[in-house]
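Undergrad: Put the complex together from the two separate chains, hints included.
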Amino acid sequence: MPKCLVEHHSAEWSFGSFDLKGNQKNPTMLVKIPPSAVYAVIAILFCDFVSKANAQVDFARDIIPIFQTHCYECHGPEKQKSGYRLDVREIALKGGDNGEAAIVPNLSAKSPLFRFVRGEDEESLMPPKDSGKPRLNSDELAKIKEWLDNGAIWPDSLSGQKRQASTHWSLQPIKIPILQGGSENPVDVFVRAKLLESSLAASPEADRRTLIRRISFDLVGLPPSPEEVEAFVSDRSSNAYENLVDRLLASSHYGERWGRHWLDIARYTESQGFEYDRLRDNAWHYRDYVIKSFNEDKPYDQFMREQIAGDVLEPVTRDGIVATSLLVCGPWDQAGNGQSNKTQRAITREDELEDMIGVVGQSFLGLTINCARCHAHKFDPIPHDEYYRIKSVFEGVKHGERSIATAEETMARNQRQKGLEREIDIASHIVSSIESDGAEQALAKRPKGPTELGPIPFAKWTFDGTPIEVMPGELKDGAVVRKLDNEHGVLQLPKEGAFFKTAKLTKDIREKTLEAWVSLASLEQGGGAAISIETGNGRVFDAIVFGEQHPKKWMSGSEGFARTKPFDAPEETANTKSFVHVAIVYASDNSIAMFRNGEPYGKPYTPKTPLQTFAAGDAHVLLGYRHTGGGRAWLTGEIKQAALYDRALSHAEIAKSYRAGGASVTRAESLASLSPDQAGRHAAALAELQRNKKLLSELPKPPVSYAGVRVQPPNTMRLKRGDVNSPDEEVTPGGLSAVFEIEHDFGLKADSPEKDRRLKFAEWLSDARNPLPARVMANRVWHLHFGQGLVGTPNDFGMSGDRPSHPELLDWLAAKLIESGWSVKALHKLIVLSATYRQGAAFNASAASVDSDNRLLWRYAPHRLEAEAVRDAILVASGQLNTVGGGPSFRPFTTTEFNATFYTPIDRPEAEFNRRTVYRINVNSGKDPLLDSFDCPDPSVKTPRRGVTTTPLQALELMNNSFIQRQANHLAERAMRSAKNEIGRGIEAAYQMTIGRKPNDQELKRAMLVAKERGLVSVCWALFNSTEFIYVQ
Amino acid sequence: MSSNREPLPNLETNGNIPFPRRHFLWHSGGGLGAIALAWMLNRDRLHASTSDSRSAIAPHFAPKAKRVVQVFCAGGVSHLDTFDYKPDLEKMDGKSLEGKGENLGFFGQPGRLMKSVYGFKQHGKSGAWVSDLLPKLSECVDDVCFIKSMVAKSNNHTPAAFQMNSGFTLNGFPCMGSWLSYGLGTENENLPAFVVLPDPRGLPAGGSINWTSGFLPANHQGVAFRTQSNEPVPDLQTPKHVTASARMADMQLLAAMNREFADGHPGDSAFGARLRSYELAAQMQTSIPEATDLSMETAATQQMYGLDEPANKGFARNCLTARRLLERGVRFVQILNGGSFGSPRINWDGHENVKENHDTQALTMDKPVAALIQDLKQRGMFEDTLFVWTTEFGRSPTTQGIGAPGRDHHPTAFTCFLAGAGVKKGMEYGSSDEIGYFAAENKVTIPDFHATILNLLGLDHEKLTFYHNGINRRLTDVHGQVIQGILS
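These protein sequences, in sequence, are chains U and L.
Residue 5 is where the first sequence starts when you use the working numbering, and the numbers rise one by one after that.
Residue 371 is where the second sequence starts when you use the working numbering, and the numbers rise one by one after that.
Chain L extracted, bound-state conformation (with noise of 0.2 Å):
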């Protein structure tokens, strides 16, 4: 998985000096090797921990997963139109709500009950109810673990994106990948450890703020790949007019220089470790594009995830490369479905008319998000890769106004899905109430959500943490619950 490569000093004998851990991973500005090594421990790496409560020392128990893949569907998507089935509200269309208490939606003009615009079938061996909306996810439902009842903090599009991604409704908070990259290091140091690939139709909301490592070192930050352009990575190519042969004797020259000037102070394992990054740099310039090259898959494999197809061709390279990252031993990555609000809208933010927009949103999604569960599942993958489905929220049994076909933002009960390494198969976790208006029975929360992830890929949420501004900062705040019902 990992290309052949001198083994990489040990950490514990990393320049001259024994340092402490914590000061690598929290004290910025200590000097000596502190300073530059801090990427160094990006690495697998599976030392013996410090008691040190501060140092965040991963991981905490035996993995089941080693890496994970992340589909994020932005807007909300109706969890009543593709995988929660209400007959209740079929039987109770075009009634009023009542008895839920406060309204919950963004836009404050709560209309009547209103069935799902699509039917429902049950599917596969489990029997899991999906809508027609959904054909090819319909068939994978054998895989993956539902959970029915998870809940947001928040009815407002960021702050829930936030939330999903950072366990924070807030700007500035460190993302999941982040946490990961902190806590478990790379599995190939000539990728990074955490890679977002955007949906090719447009960012969504906040761009960049979406996969920022917060105040962890910025080495744990999401890279975005550009997987449209040539040039996946800003600045990972040589400039056009500078020739290969040239670039390589200024390269032996920088070297040198570098060389001389480590060696010139031995003791400050920093100036090494700056050598060592521009070796790094140099494998990157032609491992990413290889890992991006989706020339190598065969025209079968291409058709599986519908590359062939207008309607979803961006969106499919990106399952397919992300599924070839994780094969290269990127530790997290992230796919975004759907970009940001303006109009016509590209994401799942159904207000107007949820039939229309799901229409539209799932005509991308569906087939290569379960192109890319077959293909994780084939490959065997899933003996060792963590598979997410999530979106923001999910959407109201209301419609958005009297009369109006469109649903509003709904955080109080929706449904997302994993699949693969350490998860049940063919399994529903909790469920929403009659209507699907509030989490009924095992509510799941972001922070229980996340604890799950992280407890798959061997890191106790509790412990996984990084000391800023008076607190000993965690994914999951000071909450959070394993869900150890869908533990296989």
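Chain U with its partners taken away, still in its complex shape (with noise of 0.2 Å):
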């Protein structure tokens, strides 16, 4: 498909000598146009000479330029005032926001339009008085009425529907451009074209320890050992520079490089950004997965097709999932997507989709579709609606972990654990039977006690006096133990802030039943909780409480109500003396049920996330605080009594335990009475309880990763000025039609399945005829090749973008791109072979006077390494380079838990702190200030290109930062090891692992005065600030 395309496209023809707004300056070149390219002209044009040949007026010549001059500042592309628009026929036939038609064809004089514009009465008169707008004059108010009274003709052509075909020129075809210079790399035939119009030269081929140097860095972040250096300095072979390309391009390395480059432009970040910030513990995979795909020389449009729906791509892989992440690694508001006012949060969806879109739009198509939320793009043919097509193609993606086990994975490990849950729900069972038996027996040994007993709670809290076994816990903040008599009491909570906390859970808790008798100060509360069980941190906890969504009613409560749903149950009326008894239910198969008084309240129900795990030695539980670190989270009254049950209590059971007011006889004594025979077949059950439960506990957690969950959206609306109260008509998944060689109908309807529309939007992206995506990837390798783009707003290459410096060369680069099967590494040979790349760094003063930017590369400009590359050269300079690859990210911070995430920076010198500074987790908030200082972007930012910046701020850390002190230690014992402690050759071995050559003799003569003064140390830290070393050439 790639050779046909461009075989299609000779070099004389150029779609920019057209109008397409049908004034074609050369009509005989019709011909040359290939069919596929144009059908929207031809379609233009032919209607344009029915229309001129049947009617007086023509719509196109008399009536459209009137619309433009009076109506389209208010009522065009841009702004539709009352949702009006005359730019669209169906909307200006159909008429804006009170429902009127506002054209009655062959009816002048019904047709509000004419009478707005006639000006019948001025309060209506368009355009309006105070609009600064001219009103029509008679002509061509005759014109209008002339036009209405004959049909209001109005060609299908020009109906707004079908966009006309821009001229902008990187929506067009990609040319290969005949090329003259025989077997010469071409890039240096098109540079060297451009640099002979400003009569300008290239600069002679830079040094081998200079080509290696700058080669090392571009393509692997990293400095050649001086090793190497050596060898290709002296490797007299043709083809020596050629093999070090290679060796380069297959090197792991490389895609740690590239992969960061690729980061940056996704806006990848491991931590939510916003009020929490919190950690993505698994948001990794998908910077792993851009290692390996540019280690793999993925072709770029699988590349591309993955990271938009690689999750329904069929065979679905696990790399597939993990691409997905681009859509969501960007900051999210989890305060926003959790609060109550619905407007509030439609917006925050609504900036979610927007960063969405723009990441995809500007990083494979290089345009800002995201400017098109409230109005058409500015600048760029981006109609309105074909933002909401487009948002409809994303609507179904949401933030969030996902499972990145494939379908088989996730059934085997389903079915293993529904069969472990069984045996263990079985054990449990005879456990417990025998357990109550065991109770009754001790019972009837007992002199006198009640009739009736509750079953056997795994901790139980009393405020009587006898001593709490299990969990014992301690009053917090005002709560106290209130005497009823000799015997009785109950705990006391006062007011907000007292609660009652236990010690650590003994052991892991999964299925539970929670129970407490309480009496509430006042029903007018909300928010507190009667029990809770949480993890020691609070983030994660399952708790009986009261009035917080709906006053006066009974929830059961969980963080970010993740597993909350009203039990659909009448509001509390309890006497406020009195005490109720609650009891939620946690089951096994993951259902929650709630009882009051021993009778069921409301209706379980089976939420849709799954039943935690509380952890012995982590969590405890709480009386009267719905969990730590929440806002309204106090319960105030009393609470007689509170259990905790590690198994899923029945109907049955509740209602005894609340008739027997929580009377039961303890474990031990129950364990005491059982015949030889029942504590025989106890112990067996319990030990085949223990067991499964281990093997439950081992089961390997499904692998999941932050790839953002799917859901089946709602049909997509347009938003009338990206106003959430303002849905205006219905869209169908699509793309865009400035892309005009493609179909940007995807033929889905509104209600099409999720999947369907990311795997078309797919197709569309990365069909061959679609010219931005190559020309957008070409342009970013030589961007980061050279420090500067032949377009130099690699994300924007819209009007408002810059044009190329080179567009021929361009366009070759872009069709290579895709001649090769989209391989990106054979792009980068492309380009640095050629003598261009390969061209010194020297000033040249008078090429300078006429190219001060080097735009026409008349050298390779000089450029400071990134931060990443900063410090990773120097852990190479000393040796200390860990390049374990991949996995978690290495964390070089504290962090504290205070409602919100904070990273506190810390220096840390063990091995997984110097691994290369991509794998460094890329949080929000948890900058760090070496790494800040040489401009590392933001995370949340679309960084198409870094800002290179040099300040006092970078100096002084690279002076002082304890990271810097530590490896020029390393660095000059290392160079000190390799000299054999002979100080002048250790002097050398620094400047050779630093800046890859040998001091001079005036430099070695200096340094060596300070070495034997102050140490190598201080030689080496001077080498890490030096310019040099933190330059390329």
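Calculated directly from the structure, the hints in this document are not laboratory data.
Owing to the predicted nature of the structure, the values given are computational and were not obtained by experimental measurement.
Mixed in with the good hints, there may be bad ones.
[Said to hold, decoys possible] A few chain L residues facing chain U, derived, Cβ under 8 Å:
| hint | residue |
| --- | --- |
| 1 | 474 |
| 2 | 576 |
| 3 | 711 |
| 4 | 773 |
| 5 | 801 |
[As the list claims (entries may be wrong)] Below, simulated DSS-like cross-link-like pairs (lysine-lysine); rule was C-alpha separation at most 30 Å, straight line:
| hint | chain 1 | residue 1 | chain 2 | residue 2 |
| --- | --- | --- | --- | --- |
| 6 | L | 470 | U | 382 |
| 7 | U | 85 | L | 470 |
| 8 | L | 833 | U | 382 |
[Stated by the list, open to error] Restraint-style ranges between C-beta atoms, simulated for each label pair:
| hint | chain 1 | residue 1 | chain 2 | residue 2 | range |
| --- | --- | --- | --- | --- | --- |
| 9 | U | 86 | L | 505 | 50 to 58 Å |
| 10 | U | 846 | L | 432 | 41 to 49 Å |
| 11 | L | 432 | U | 256 | 55 to 63 Å |
From the three backbone atoms N, C-alpha and C, an ideal C-beta is built for every residue, glycine too.
TA: So this is what it looks like as structure tokens:
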């Protein structure tokens, strides 16, 4: 297909010679246009001819200009006041928000449009008086009237539905120019041609020492070793340089270098940003996917498709699922998504989708589609509705973690898990029935006691002075025990802030029952819990909560309402002096049921998020407090007794517990009264129970990644002015009409399955006739090799972006990229083997006076290393680089949880922290001062090109940062070792390890003086701070 | 105000190449000096403008203020319990809220209307009403201009804080301080142009996200000073194990190496800029500790700010430090009052009990901020310094939940105030409706507010732009009108 595309386009053909509004400059050129490219053009011309022949007033000639002059400013592509627009036939006819047809064909008198422009009354005159626009003159009015009365003929081609093809350069098909230059690298031919136009010439080739340092940093982001430098310098073979390039491209470090570039574009972050900025423990899979893709030289079209729809592209692979993380690896407003105001929540979601559309449009297409959210794009041919058609493509993608196991892996694991859970249920049932038999037997032995006993809890809290055995606890912040008499007491929670907190759990708790006898101080309170079980940090909890979501109702509280749904039960009415018995059962099948005074309270339900395990040694129980860190979290009143059962009680058991008033025998008592046979069966069942629980806990967790979750979304509506409360017409999924060679309508319905939308979009995007992706990617690669692109705005190939400095070269590179099967490595080779890339970096005042920016490439411009390369190069020089790749990121900070996550950077010497910087966890608010000072971008910003600043703070970092101090020491030791402790040779080694050359005599002499006085470390420190070290020439 | 120093080479003639300025400002990888000299622009400059719409050349007209100090109260200060007195709300206390449309709160449990939990009195010659919560700020009313019709876009803390700081509700947009650093540079290159003084009790949610330079070059990022530490800026001090004389000698070695390299590569002025950056770094090592050393202040001054009071001494230190930084030419100082949203809260987020919460917060804020205003005034600094007091949003006239004493977030009406250079004194601008629910008269959006601040600094908010991914970005997005009515 690529070949076919290229062959069709001859060099002399130019789309730019057409004015697509219908005025062809040279109609004979039509024959040269490939038919596929310009159906739209031909159709427009044809209709124009027809209309000119048949009507006196011609819509295109006579009416459109009137609309343009008087109306479009408020009712055109950019603005649609009152939802009305005159550039789209359908809406022009049917009218705006008031619902009345604006145009009645053949009846100008009945057409409101005519009434308004004629100004029957001053109130409704259009354009309005205060708009500053002139009103229509009599000639114009006559034309409008005639046009209306002659049927208001409005040709299909101008209906505004089929948009006209743009003449903008980047949207034209890629064409390979004819090359002259024999066997010379075409890159050099194109570059020389432009240089010659300005009477400039390229610089001579750089020396080998410079070249190997340049190409090493460029391709793998690391400096060459002194041995590699010497070997290359003395390699006499004609293909020494090409061999070097091949070796570097084959290195696994290549993907780490170029993957990092892609992560900048993808605005890859490993924390949420916004208020909570929580860590995303499992976002790194995407980083590894990107690195691997570059290392494998994955065809770029496949790379694109996978990042759009890899989770649904058959056959589905783990890589494919992970790839779609692109859509969600930016910031996410958890608080905004969870808040109760519907409008604000909808805005939060729209912002999320804009970010998604932004990253897709800018990364792959070099188009800022995101600018068309509120109105048609101001510069580029992207109509308002097309933003929403693309939104419809991604509307089903939401933030969050998902399993990255394949369907088979998941099924196998689920079966194993279900089997174990069943075994556990059976054993658990045997254990509890023997224990309750034991309890009956124990009761029978007692002289007297309650006639009825409840089930045996795992832990129970009473306040009558008897010791609490399993999980004792302490009174917090105003909680007191109120004695009722000598034998009885209650936990009193007199004010907000007071609660009771138990010791840590002594066993893991999964399925469970929470139970309490509560007297509420007031029925007006809300948000407090009678009993709660929570993880040590309070982040995950299950609780019996009163009045939080609905006043006066009980509910099952959980973090972010993850497992909460209303029970649909009546409001609490109990007298505030009396005790209510409440219990919630969390069963192993994930169902949640509540009981009040022994009877079902509303309806049970099964939440979407799974049952949680509360781990021994970490979790604890709270009475009177919903969860640690929660707002409005306290219950005021009294608690007589509370209990935690390590299993799901039945309705009958709960009713029994209620009737027994919580009385039960202890487990120890029960076990003591078992017969030998019972005891034997009990022990066997218990052993079986424990064995299966252990197996269950050892079952590997399904691997998850922050690749987003999918939902089947409601149909997408265009939002007027981007306002979430002003939905307009329904839209169907589609691409951009600006890419006019490909059908942008996907033929999908508004309610088509979510996955089909993304599959179609991926297909549309990576279609080789789409001229943008290849141009955009070729430019990125060029930009990252030379420090500036052929197009200076790598994410913006639209009208407000730069024009290419070498358009033919860009097209040639793009065509070659496609032709090579989208091989990015092949593209690198084309570029770096060129003489243009290999030329020297020396400044040339006369060339600079003509082309100060070096856009014409009269030299290779020196550039500073990026933050990651600075840090990695230091680690290579000091011999401390840990080359372990992949896996969870290293975390050079401590975190503090205080509702949100806070990060305090730390510098650690361990090997884990000496991995390449691309493996550093990329959190929004956990910035590293050293990397920061070298312009490491804000991870939430889509960064196609990094800033390069030189600041005093950067100097301070290199001077004083403890990492630099430590690595300077390592470098000094390493250099001295290699020099067998001879100081002069040690200095030479340090120079070679950092800047790839030996010092000259004067440098050596000076360094000797310093090293003798203060040690080699001073020289090493200076080398790390030197301009020569942090610049590549 | 600035130290004696050698004049720096003029930008126009710096190096050997005449650079089109836009490349300094937004081209990052252009090679040559464009790469490295960007920081040098970060100085006071009043150059002729270029016709390139992408570049931001400033100021655009004669400024009234040269620098700004902004107090930002995290969590959302209740306008109804501080500056926006509502007699009608007293009458309607305990009644249901009606006729205001969709509930705007974050938690969605509106209770009944609740009158202010404080008494209100009139103060000063202007007769401005201020609640009893803020006795010291009450004394400043004749020096300030209240805007009582502020409107925020979001009812959610971080987006609202982002909007107040950067004009956008999203991550990754440059803060006002970054825009000013970018647009005006610094008056004293020995100090950063944009300094943030976080509340010593804790960072706001999102931490450093709140002073990001977004897509602007990193040299415009806010530099957070840890004023409680003896090293206000990380890696400012020479490591302890390196003696001063050894460091001096090492710096000489480095300077010789870098000078030789620069000399060996004439024309690439980036290399000269690196040399200069080390000189400035060395100067910062003394200028920052000097600027943050409060022992130079008189006992009376220290007492005025409340440095001797345990409740507010940390925040008071920051207010006094802010004055010292402004004196030394820092362009934008942001003082944060209040940190994150854990339990107990250390900010103004009075969901549970607005009185309890605001009592605690006001104790740290009232006296030091009032002292800062008075101090700036008495030292004549209001001639060219703008003072700005802001928060995220207001709080609802209803309680949060029936019978509960707290108030929820409320974005559609709240109060901020300005004082100093170019601003009318003893004035109130705009108003909210009878219960402080919606802005009623002269509604002021945050873009309007920002446009006005930029205007006072001689910047046209529509012209202070930076090209990023397809858009010439502005602090004010595509909105904003200067509030002419408050300009003196």
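Undergrad: Quick one: which hint numbers does this structure break? Sort them smallest to largest.
TA: 5 and 6
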